[in-house]
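With these hints in hand, go ahead and build the complete structure from the sequences.
Take a look at the letters that make up each chain.
There are 2 protein chains.
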Amino acid sequence: MRQSNMLIPTLKEVPADAEIKSHQLLVRGGFIRQIASGVYSFLPMGQRVLRKVEAIIREEMDNIGANEMVMPAMQPAELWKETGRWNNFGPELMRLNDRHDREFALGATHEEVITSIIRDAVKSYKRLPLTVYQFQTKFRDEKRPRFGLMRGREFVMKDAYSFHDSFDSLDQVYQKMYQAYENIFRRCGLNFRAVIADSGAMGGKDTHEFMVLSEVGEDTIAYSDSSEYAANIEMAPVTATSTSEQGELKELKEVATPGKRTMQEVADFLEHPLDKGLKALMFKVDGNLVLVVTRGDHEVNDIKLKNLYKAETVELATEEETKAALGAGFGSLGPVGLPDDMKVVADQAVKSAVNVTCGANKDGYHYVNVNPGRDFKVDSYADLRFIQQGDPSPDGKGTIQFARGIEVGHVFKLGSIYAERMGATVLDEQGKAKTMNMGCYGIGVSRTVAAIVEQYHDERGITWPAHLAPFQVHLLALNMKKTEQKQLAEKIYDSLKTAGVEILFDDRAERAGVKFADSDLIGIPLRITVGKRAGEGYVELKQRATGEQTEIHESELLRQLNNLV
Amino acid sequence: MRQSNMLIPTLKEVPADAEIKSHQLLVRGGFIRQIASGVYSFLPMGQRVLRKVEAIIREEMDNIGANEMVMPAMQPAELWKETGRWNNFGPELMRLNDRHDREFALGATHEEVITSIIRDAVKSYKRLPLTVYQFQTKFRDEKRPRFGLMRGREFVMKDAYSFHDSFDSLDQVYQKMYQAYENIFRRCGLNFRAVIADSGAMGGKDTHEFMVLSEVGEDTIAYSDSSEYAANIEMAPVTATSTSEQGELKELKEVATPGKRTMQEVADFLEHPLDKGLKALMFKVDGNLVLVVTRGDHEVNDIKLKNLYKAETVELATEEETKAALGAGFGSLGPVGLPDDMKVVADQAVKSAVNVTCGANKDGYHYVNVNPGRDFKVDSYADLRFIQQGDPSPDGKGTIQFARGIEVGHVFKLGSIYAERMGATVLDEQGKAKTMNMGCYGIGVSRTVAAIVEQYHDERGITWPAHLAPFQVHLLALNMKKTEQKQLAEKIYDSLKTAGVEILFDDRAERAGVKFADSDLIGIPLRITVGKRAGEGYVELKQRATGEQTEIHESELLRQLNNLV
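Residue numbers (our numbering), protein chains in the order written: chain A, 1 to 565; chain B, 1 to 565.
Any given hint could turn out to be false.
One copy or two, either will do: identical chains are not told apart, so a pair holds if it fits within one copy or between any two.
To be verified - Listed next, the in silico SDA-like pairs over lysine to any residue satisfying Cα-Cα at most 25 angstroms (straight line):
1. 497 / 55
2. 143 / 77
3. 497 / 368
4. 52 / 502
5. 253 / 65
6. 52 / 65
7. 306 / 281
8. 497 / 512
9. 491 / 255
10. 123 / 420
11. 497 / 56
12. 52 / 62
13. 52 / 68
14. 323 / 460
15. 343 / 313
16. 306 / 386
17. 143 / 471
18. 250 / 136
19. 52 / 64
20. 432 / 146
21. 176 / 5
22. 497 / 183
Calculated from the structure, these hints are not laboratory results. The structure presented is a predicted model; accordingly, all values stated were derived computationally and were not measured.
Here it is as structure tokens:
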């Protein structure tokens with residue numbers, strides 16, 4: 001393509017609202033433009049990258065036998081009412097009424113639509129398993145759209161759905177899909193981890209998120225420094241340490257800790273390390289008060305608490321509620337001397353505590369030399385805390401490190417919950433109706449483009465991996481008014497185009513400085529510069545990512561490019 | 001693909017709401033499914049066809065240097081208010097509010113969005129002409145969605161927009177686009193005509209519609225039986241006939257025509273042919289009364305009337321209004337003896353009328369032996385009627401025939417109207433701001449799929465043109481329980497797949513009759529049937545469209561297919 005007639009509106013200035021690199025560079029490089037908050041157009045260069053990412057995804061989906069289809073954005077409210085999500089999805093679900101005042105959702109996801117199709121179309125176990133996928137625009141009215149393509153309100157997803165007559169069959173397809181996702185993100189050149197994730201509200205079973213490692217990621221990943229283990233921080237179990245502390249049990253004493261409320265303040269005041277204090281927090285678990293005790297250097301993981309009680313809701317009690325129950329506010333709670341009916345659970349690390357400190361349930365006082373068993377009872381010990389950096393990896397290999405991640409993909413064993421609610425059954429071998437099992441699998445396609453830019457850029461612009469770049473070669477004629485430059489550039493353009501090279505030709509009447517800056521910004525992997533030595537047939541060939549450059553005669557170009565591309 | 005694990009839910013019954021063949025066959029063949037009125041899913045087979053049509057369009061768009069991009073469906077109301085279409089588009093424009101109560105349109109078309117992008121991105125005439133296109137879902141809340149993909153509320157369009165610094169440049173790109181559209185519809189195997197169309201409300205200039213000829217089309221095309229001339233019926237000018245009738249002017253007479261109101265009733269009563277009567281209709285042209293006179297066998301074309309007066313609105317007067325103005329109701333109006341201030345225009349054919357009949361502006365009475373000039377005055381004669389079958393073609397070659405057409409494409413010189421309203425200018429060579437000219441160009445992609453089926457089907461199902469078919473070869477194993485059939489079919493499937501043939505393998509445990517019927521319905525061009533002679537390696541090869549069939553040894557298959565595909 002000739003750059004003079006292609007819509008590539010590069011910008012020198014960083015857009016005011018663009019906080020992260022991918023947002024800045026995709027806007028500055030003329031790849032995308034915002035139309036409304038969280039709503040973007042893909043300009044021609046952005047569209048070319050998007051289509052390359054899509055092609056990789058399509059190939060991997062086809063390889064595992066998934067059927068491509070496409071479902072509508074307009075979805076009748078009735079379908080969403082069948083699963084209960086019309087009410088539960090909240091304000092993120094965009095809604096509209098048609099001219100006859102019928103209610104519609106704009107597809108935020110397509111479980112309801114695909115389940116309704118499969119319910120009508122598939123009647124026998126013989127047609128299962130069946131996996132379908134689509135590339136489709138999704139609409140989610142995010143409260144705070146930001147970071148450009150990272151968190152938008154209208155965005156491109158690849159979503160896939162599988163249907164099964166047994167959980168085993170779901171397991172198998174889940175594994176295939178997992179592998180396909182690994183292939184996809186590897187082919188996109190991304191440094192990523194598949195992490196164990198929370199199966200959330202819809203009652204699913206296994207689920208993994210595919211996280212691109214990046215400082216701008218909104219999630220924290222706990223991963224092993226010596227194995228493949230990685231989990232969303234909420235999901236990583238903490239291994240019980242078998243070592244128990246030794247030492248003589250000293251006498252329990254109450255001490256005044258005036259004005260010391262936080263664990264750190266108390267530890268400093270009493271001159272002991274943070275882990276020699278016990279932290280006690282009052283929770284309401286499905287409405288019932290529970291005192292949760294952890295070591296002072298640990299944080300309660302409320303998802304683990306919720307799972308322990310198989311609870312629907314878990315929330316912190318208010319300070320008024322703790323005062324009413326225990327007679328003290330947040331800074332002085334502890335497990336010693338509690339009313340008989342107070343439930344107490346403790347993190348497993350508390351069990352081996354010796355001569356530690358805790359709140360005395362009296363504002364401004366703490367106990368020292370507290371020892372579990374002797375001084376307080378615990379209804380049960382369990383893994384109740386967030387994993388920390390330095391903890392042993394749950395798989396027994398290495399220790400845990402933290403990283404930030406951008407979620408680009410998600411695979412999910414939904415089980416039978418949607419099929420049950422929507423009455424999607426097949427006849428089994430005995431001719432009996434059986435509720436289907438389902439998996440769902442998503443990739444944020446436009447977000448993946450942003451994640452690629454987060455990992456492939458330098459201070460001058462984007463450094464696209466070759467197979468994802470909008471073009472392979474960027475041809476610059478530094479001065480189109482000089483006949484020998486213009487002629488040579490046109491000759492090279494024609495011959496490379498004819499040879500099937502994806503080439504962008506900067507034929508604009510701009511200054512050399514502008515052309516170089518734009519070229520670095522756009523980030524096409526190979527640049528051919530036609531300049532002063534055009535008369536002799538010599539051009540410069542430069543690799544965007546490494547900066548490596550050579551002078552080369554135009555007759556050698558094609559051979560050299562074939563080596564590099 | 002194996003049919004056992006592909007979503008192809010064929011139906012024996014014709015869906016109750018499916019009136020036309022394409023709707024029936026696409027649903028019955030498992031290509032599409034309705035989710036809501038006018039809202040469809042493309043199932044895997046439909047998606048495959050859609051993608052092939054898209055690929056043809058993309059290739060032709062790229063060939064003329066158009067840039068692919070993609071714009072969002074969610075469009076802020078502000079943009080539509082700039083062009084005035086937020087109010088003018090009416091209930092077809094779907095609207096919604098986001099969580100902050102900001103108003104959005106769901107893209108029914110993208111002139112506003114692209115003009116806002118180009119306005120910001122393109123500042124110099126040097127970047128023009130610029131043509132962009134997209135494949136995008138469009139939303140239009142049709143009053144009466146029907147005919148399956150023909151008239152939907154959510155559908156796929158390819159829309160293109162070109163921007164220019166001169167009308168000449170627009171002319172050139174319009175011609176290229178016109179040619180590309182001809183290529184596209186020809187490559188889709190369609191019998192179509194490019195017809196001159198109405199440039200409508202937005203003040204555009206030239207415009208052509210691409211019409212697929214079909215009895216189920218909603219438009220009427222007037223075309224020449226001896227040339228390329230074709231126009232939407234509203235747009236075809238009528239050639240003035242130079243022959244003038246001869247005859248002695250008889251004496252004007254008033255006759256009673258009790259209860260005769262229509263032209264036919266009066267002609268029968270007075271025993272003369274229909275064309276010996278004059279028809280007079282009262283219109284309100286921008287609110288002013290005008291009596292429009294045509295021959296009794298002609299119909300007033302209100303678009304021509306509107307154009308004659310360069311009017312904004314043209315509507316028929318009510319019977320009360322005609323009584324108030326002329327003293328008579330609809331059945332007895334005529335141009336004789338009118339008040340002085342009554343405007344009269346007549347179709348050019350009226351000029352040569354001799355001794356004809358017209359209403360006497362007195363209910364139940366007509367004049368006979370009426371002669372223009374002698375008996376009534378006409379302010380102006382003009383071409384005011386619809387063209388008719390048998391009229392001479394406007395280009396002077398042959399005579400006019402009518403056909404029904406499905407509009408699949410539209411090319412339109414918009415001129416500067418959008419750019420003016422949205423302030424989209426470029427600096428010209430002298431550095432002065434200049435309003436851009438624009439063209440817009442649309443193809444109904446999903447409708448094109450339906451149009452193809454209208455032209456390619458027989459009583460048993462669809463007969464896809466080979467390059468648009470979802471697969472090239474349909475392999476049927478008649479009885480999968482017979483080892484030699486299963487083995488041979490599997491062998492053929494593997495070898496053809498390996499050879500790159502797009503093959504669908506009906507490996508289902510269904511009866512032969514079901515397989516044959518489904519295969520005819522789906523309409524894949526070539527069918528290989530593995531049946532009784534499988535043991536000897538012989539299969540049947542049948543062409544779907546012609547019914548031609550041969551027995552062939554499996555070792556000959558690939559060579560034979562290469563000849564046919």
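Status of each hint after checking the structure:
Within a single copy, residue 497 and residue 55 get their C-alpha atoms as close as 22 angstroms, and across copies as close as 20 angstroms, so both meet the 25 angstroms cut-off. Taking the shortest alpha-carbon separations for residue 143 and residue 77, both the intra-copy value of 22 angstroms and the inter-copy value of 20 angstroms come in at or below 25 angstroms. Taking the closest pair of Cα atoms, residue 497 and residue 368 never come within 25 angstroms of each other, the shortest separation being 80 angstroms inside a single copy and 76 angstroms across copies. In this homomeric assembly, residue 52 and residue 502 come within 25 angstroms of each other (Cα to Cα) both inside a single copy, at 13 angstroms, and across copies, at 22 angstroms.
Taking the shortest Cα distances, residue 253 and residue 65 never come within 25 angstroms of each other, neither inside one copy (69 angstroms) nor across copies (85 angstroms). For a Cα distance limit of 25 angstroms, the shortest separation of residue 52 from residue 65 qualifies both inside one copy, at 20 angstroms, and across copies, at 19 angstroms. For a Cα distance limit of 25 angstroms, the shortest separation of residue 306 from residue 281 inside one copy, 14 angstroms, qualifies, whereas the shortest one across copies, 80 angstroms, does not. Taking CA atoms no more than 25 angstroms apart as the test, residue 497 paired with residue 512 passes inside one copy only; the shortest distance there is 23 angstroms, against 51 angstroms between copies.
Taking the shortest alpha-carbon separations for residue 491 and residue 255, neither the intra-copy value of 88 angstroms nor the inter-copy value of 85 angstroms comes in at or below 25 angstroms. When the C-alpha separation of residue 123 and residue 420 is checked against a cutoff of 25 angstroms, the pair qualifies only within one copy, where the shortest distance is 15 angstroms, while the shortest distance between copies is 58 angstroms. Taking the closest pair of Cα atoms, residue 497 and residue 56 come within 25 angstroms of each other both inside a single copy (23 angstroms) and across two copies (20 angstroms). Both within a single protomer and between protomers do residue 52 and residue 62 lie at most 25 angstroms apart by alpha-carbon distance, with minima of 15 angstroms and 16 angstroms respectively.
For the identical chains of this complex, residue 52 and residue 68 are neighbours both inside a copy (17 angstroms) and across copies (13 angstroms), given an alpha-carbon limit of 25 angstroms. For a Cα distance limit of 25 angstroms, the shortest separation of residue 323 from residue 460 qualifies neither inside one copy, at 58 angstroms, nor across copies, at 79 angstroms. For a Cα distance limit of 25 angstroms, the shortest separation of residue 343 from residue 313 inside one copy, 17 angstroms, qualifies, whereas the shortest one across copies, 80 angstroms, does not. Only within a single protomer do residue 306 and residue 386 lie at most 25 angstroms apart by alpha-carbon distance; the minimum there is 13 angstroms, versus 76 angstroms between protomers.
Within a single copy, residue 143 and residue 471 get their C-alpha atoms no closer than 36 angstroms, and across copies no closer than 45 angstroms, so neither meets the 25 angstroms cut-off. Within a single copy, residue 250 and residue 136 get their C-alpha atoms no closer than 66 angstroms, and across copies no closer than 75 angstroms, so neither meets the 25 angstroms cut-off. In this homomeric assembly, residue 52 and residue 64 come within 25 angstroms of each other (Cα to Cα) both inside a single copy, at 19 angstroms, and across copies, at 22 angstroms. In this assembly of identical chains, the alpha carbons of residue 432 and residue 146 never lie at most 25 angstroms apart, being 50 angstroms within a copy and 38 angstroms across copies at closest.
Taking the shortest Cα distances, residue 176 and residue 5 sit within 25 angstroms of each other only across copies (15 angstroms), while inside one copy they are farther apart (44 angstroms). For the identical chains of this complex, residue 497 and residue 183 are inter-copy neighbours only, at 23 angstroms across copies versus 30 angstroms inside a copy, given an alpha-carbon limit of 25 angstroms.
Hint violations for this structure: numbers 3, 5, 9, 14, 17, 18, 20, all remaining hints satisfied.
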